[in-house]
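Here are the chains, one letter per residue:
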Amino acid sequence: MKATLILANGAVFPGRSIGEAGERVCEMVFNTSMTGYQEVLTDPSYAGQGVVMSYPLVGNYGVNEQDNESRRPWVEAFVVRHLSPRGSNFRCQATLDEFLKQHHIVGIEGVDTRALTKLLRSQGSMNGMITCAEHFHVDQVVEQLRAYRVSGAVERVTCRQPETLPAYGEGRRHVALLDFGVKRNMVECLRRRGCQVTVLPASTPAQEVLSGGYDGVMLSNGPGDPADNRGVIEQVRKLYESSLPLYAVCLGHQLLALATGAKTGRLAYGHRGGNHPVRDVAEGRVFITSQNHGYVVLSETVDPAVAEVSHVNVNDGTCEGLRYKRPNCFTTQFHPEASPGPQDTEYLFDRFVASMGGEG
Amino acid sequence: MAKNPNIKKVLVLGSGPIVIGQAAEFDYAGTQACRALKEEGIEVVLVNSNPATIMTDKDIADHVYIEPLNIPSVTQVIQRERPDSILPTLGGQTGLNLAMALHENGTLEKYGVKLLGTSPDSIRKAEDRQGFKDCMESIGQPCVTSEVVESVADAVAFAEKIGYPVIVRPAYTLGGTGGGIAYDRAGLEEIADRGIHLSRVGQVLIERCIAGWKEIEFEVMRDGAGNVITVCSMENIDPVGVHTGDSIVVAPTQTLANKEYQMLRTAALDIITALEIEGGCNCQFALNPDSFEYAVIEVNPRVSRSSALASKATGYPIAKVAAKIALGYTLDEIPNAVTGKTTACFEPTIDYCVLKIPRLPFDKFTTASRTLGTQMKATGEVMAIANSFEGALMKAIRSLELNVRALKLDKLEQLEDDEIEDLLAQVTDERLFVVAEALRRGISPQKINSITRMDLWFLDGFQRIIDQEEALKACQGAPDADTLRRAKEMCFADSYIATLCHMEQAQVKALREQYGIIPAFKMVDTCAAEFDAVTPYYYSSYDGENEAADTGAGRKKVLVLGSGPIRIGQGIEFDYCCVHSVWALKRLGCETIIVNNNPETVSTDFDVADKLYFEPLTAEDVQNIVEQEKPWAAVVQFGGQTAIKLAKALTEMGVRILGTPADGVDAAEDRERFDAILNACGIPRAKGRTVFTTQQALEAANEIGYPVLVRPSYVLGGQGMEIAYNDRNIRDFMKIINQTVQEHPILVDKYLMGREVEVDGVFDGDDILIPGIMEHIERAGVHSGDSISVYPPIHVEDQHRQTIEGYTRQLAKALGVIGLINIQFIIYNDQVYVIEVNPRSSRTIPYISKVTGVPVIDLATKVMMGQKLKDLGYGTGIYPQAEYYAVKMPVFSFEKLTDVDTGLGPEMKSTGEVLGLAESFPQALLKAFKGANMRVPKRGGRIILTVKDEDKREVVGIARGFADMGIEILATDGTCKALQDADVPCTRVARVSEAHPNLSDMIASGTIDLVINTPTKGRRQDTDGFKIRRATVEHSVGCVTAIDTARAMLTVREQGRSVDLHPIDITTI
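Line by line, the protein sequences give chains A and B.
Residue numbering for the first sequence follows my numbering, beginning at 1 and increasing consecutively.
Residue numbering for the second sequence follows my numbering, beginning at 10001 and increasing consecutively.
By construction, these hints were calculated from the structure, which means they are not laboratory data.
Don't take every hint at face value.
Derived Cβ-Cβ restraints for the label pairs, each shown as a range [stated by the list, open to error]: (1) A:GLU188 to B:ASP10482: 41 to 47 Å; (2) B:ASP10532 to A:SER203: 37 to 43 Å; (3) A:GLU143 to B:GLY10544: 21 to 27 Å; (4) A:PHE136 to B:LYS10341: 36 to 42 Å; (5) B:ARG10671 to A:PRO14: 51 to 57 Å; (6) A:SER151 to B:GLU10040: 52 to 58 Å; (7) B:ASP10482 to A:GLN123: 26 to 32 Å.
These numbers were taken from a predicted model, which means no experiment stands behind them.
Cβ coordinates follow ideal geometry from the N, Cα and C atoms, glycine included.
Please put together the full structure from these sequences, using the hints given.
Quick look at the structure:
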């Protein structure tokens, strides 16, 4: 079936429908990872967004249970050049198309994804619509697209109830993980390091966390504009003012920065992919990281009395991590849990576990 | 960290002659590294014995030594140049082994030369089988169960412990030389014996056979600060069991989920971190397709063939970055030239599919075993880029130039289904097509997968191509827009669509244009469009947006056609010519556009020409570029036969051909037209006839008189050429020729057994410049590419020089040549005859340019652009003779190819060449022998002589010469008798067909220094001679198959003196 992608600037990309035959409005972003489409689809940080895969061959190895990063896909719409009809892999349980249909994700294939990526890069991320309608008026669609904004995304993706997961092996630490849209592998990285993890809803009051007997707190990744989460920021400030070891990733990193007086801004087209070089300023070493963010902490707004920039993006110099003056508190913009992407910075979880003291 | 300020003068070692397993990729890597070093203000000293390379140009390095790559010669260069450092990891295994040897024998320490980049300890750890295993074990990386052994008995004992089949891998050899899979004890004994013999350290690895697992490669880089990145992942379509150099490879990996991908990526990074590599490194893994189980197969702690492929596949310049790391830079200090904004410290991400297909030499070596295994056999490769797997595959197939334009070998159509099934189990270069044929016959992908272990995902890709063929056929005439668009998205050629739809090619093109299906060119930018890039590196697609920008700024655009994959007869020298032409055109203010598909070459480096199109070199693919770029003119003279055969098509497209027009090329190749020209000029050639049938050939031969030379017309490198001495020979050859060649007539010429002489000339329409005359050591009958060639000539008298100059000018004029002309002459009975004229560049251009100091390509390019020789400063006529003798010696790769006859003849067999440069002929010859690693027997040595009857008279003098030098002569019956009759002391040895101990036992015993065996005629493989020659290859004993080569060896022994050899810096010529 025919499908069409229409962008807020009036650009129209014809293609064929994949996944659910329907219509979706979303914010279009591109991802440059060459593997890991299933992890991308199920990463809650993409809630409200449509993802364009810049790698043209997608679906090659199908999908499987283990590679879901959350309970369902959150990507609003999916754009690929070629969708593989077969998933060829020993773990494959379904084709990508079956997966998209099962979860009612609208998609399109046959699009010149390179041209689309170039457009999003040069003009910035913009809203778009995938439709299977035969007839439409571009002007009307553009009008509709102007009005769209990703909002309330954290509330949508966060868990409803706290859930406690045991450590693998002997549990030595208990971590409170505030779920703003957490990826499963973040929890797994902690469990593999001897941490019992309690995943808490985003709205959990700080007091509840502080009195819960935890050894440390992690703030997860998540979708949307960080500044929208006023209530959460308030609670995060209280956690910061405690002495509990704190590590935050992506949205969590941005929320803590906002809670401590820094500002965030929007990147023109974001960082989404698995090849972003980040310099660890103290070590002088560069690590290849997995990233997925459209907003960033503005380095110049960070009060040197509060924190210093610990990690810098080698490509564009943006802030990739903060080390706070307050003991045992650090945050990163990039994703040490990877999934998808390189696992080179998983050592940060070791650092967090060590900050909780004892034999780590 | 920044550049180490103590590094001021660096010695770079090249990889020597092109052999199977070590080809043009090291010229590319070395050239890039030298340029990177010079960019940093470093004085570069280069040693490489291969004169056909770009790296041995004086504009690439400051001091260039075309000298043997051995310890004494490089030691001399070190003594003379006193470099402070040496860069060992860019000259392939040859360069690395040599640098290690110089380190181990204390030479580097003695002269204060520091090894740059990866430390010797690390190299040893990666290269030594046991050391590597231990290291992997210490970091928890699984290796295949294996054991290093030094004897056949130990090999057998270990194999019986782990069970057959087992893989045998010799330590420190190129392209897995001497390795193989052993299925039983007998097989193991044979392979292990050979492997132990070929290994530099007498070791082989016996390992568990994991044939059928996925073979995955990662190209990784590390700097001195410990930063690590992966440049590219690659997946072999042929699973483990086929050497990666002979495998069809796709990049990036296609069938690995993120988990497996990251598991292997992390393993690769852990490995280079543990080995403390500083530079580029290649990690090969085997991955069980049914689990997460994997094993590290091999690590190359240096730039490799795969890194050349990875560089071209991603746009990331591995060799350049490796050179900068060796100087002390960290990855984040090195800018990414592609984006101009980012640094080398990132991982390229690509938004297209890359496919490599090896170019195997079985079109030349028709008798060779086509079976592929752990021993590499390919001479070269092609790469294609498309936004689909199918498209990349179709483009790559076209790029091979094997007269195949789709995923289909017509000859397989005639086979029965069960024959196709049987063929599936045989791993050969044709298996790709067998698999396609099997799919066409309806054999299920699951069944094919169970036999071939090719992943179903790849089989699906093949199936989609076949389905598309069916869809086109079903149109029964002009296809609809959708069907045609899908076919073009899979990069079907218009000509193939035309065949499937019973249309004319032009009709398909017109229909496409009517539907608006026109190619759009996309950019290779290392970052999947995430950053604005300015790389002028393009591939075609049928997606809408066209990125090929007009950057010419009003300059004249010139299209330079490259030479495609390296094959026997068309090697690296044509890339040299293309690159030099590009540089010359740039200096003349032109915008240059190169089209090529060979990832191993300098020409496909994106900063050589102003624009690079990585595309097949077919008329249709080139036409797309022509329509995009609308070039002012095209250059076809420099890209070998590949480029020249496109001259006519380009002319028809309305593109001006710079220099000699297409008609001149045709006149030189068309027998009748050429004869008419010779007659008009009064230039003699051997009598000949054009024939089509065996009967006509027999009549012609008898009329002309035996011996005659029989060959098909329009061929390169003497393909299918033979000397016939009688009617039986004619019948044999005609049968073979008719199997492969049908369209063009067959030539039967009188065979003149004279002295062969070759010239390259530049002609501007009025004047000729001949940089030098080259004389072939072997008389006519041995292909010019396989002969030892010497400049200046030894035996050409002045009057003949004048005749040669005159003929060259006359022929150039008559053929309408503007630019280069190459002519081969024979001097026979004091008369000069013309054998062959090629109005294009030749394989001798790089060598003659370097030894005479005449920039031949630069001059030819200027002449083609309308300049006159007399204004160019190098005069006209024959250029004054140099003070040096230069001997070009062919190098073969026979040990890589089983069942190939090593006897030299009219058909070219060499893969590469070396140069010997000295003040006298014997010294130059000696150097060349050393460079080619041919041992000349010494006093106290033993040689075996067994020659054909025609040579018995001549061999006497040669044998006497060797005997006088104190060398023991052994000979078979007839030869022995001839020698004894002439009072040459000689011992008889039994023929190979006689009872043991016989000649083959002697060869195997390691007590023989040289075998001189001249082949009797014919292509039969059951002859004694064939067995002798193969035995010498298997046991690494020198073997000379032409009487003139033997005489040259004697000359060296009588007049050459190793102690007097000294290196010559060609930049001073």
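Each hint, compared with the structure:
1. A:GLU188 to B:ASP10482: 41 to 47 Å: For B:ASP10482 against A:GLU188, whose Cβ atoms are near 46 Å apart, the range 41 to 47 Å holds.
2. B:ASP10532 to A:SER203: 37 to 43 Å: holds (42 Å)
3. A:GLU143 to B:GLY10544: 21 to 27 Å: Given a distance of about 25 Å, which is inside 21 to 27 Å, the answer is holds.
4. A:PHE136 to B:LYS10341: 36 to 42 Å: holds (38 Å)
5. B:ARG10671 to A:PRO14: 51 to 57 Å: holds (55 Å)
6. A:SER151 to B:GLU10040: 52 to 58 Å: Because 53 Å falls inside the window, the suggested range holds.
7. B:ASP10482 to A:GLN123: 26 to 32 Å: holds (31 Å)
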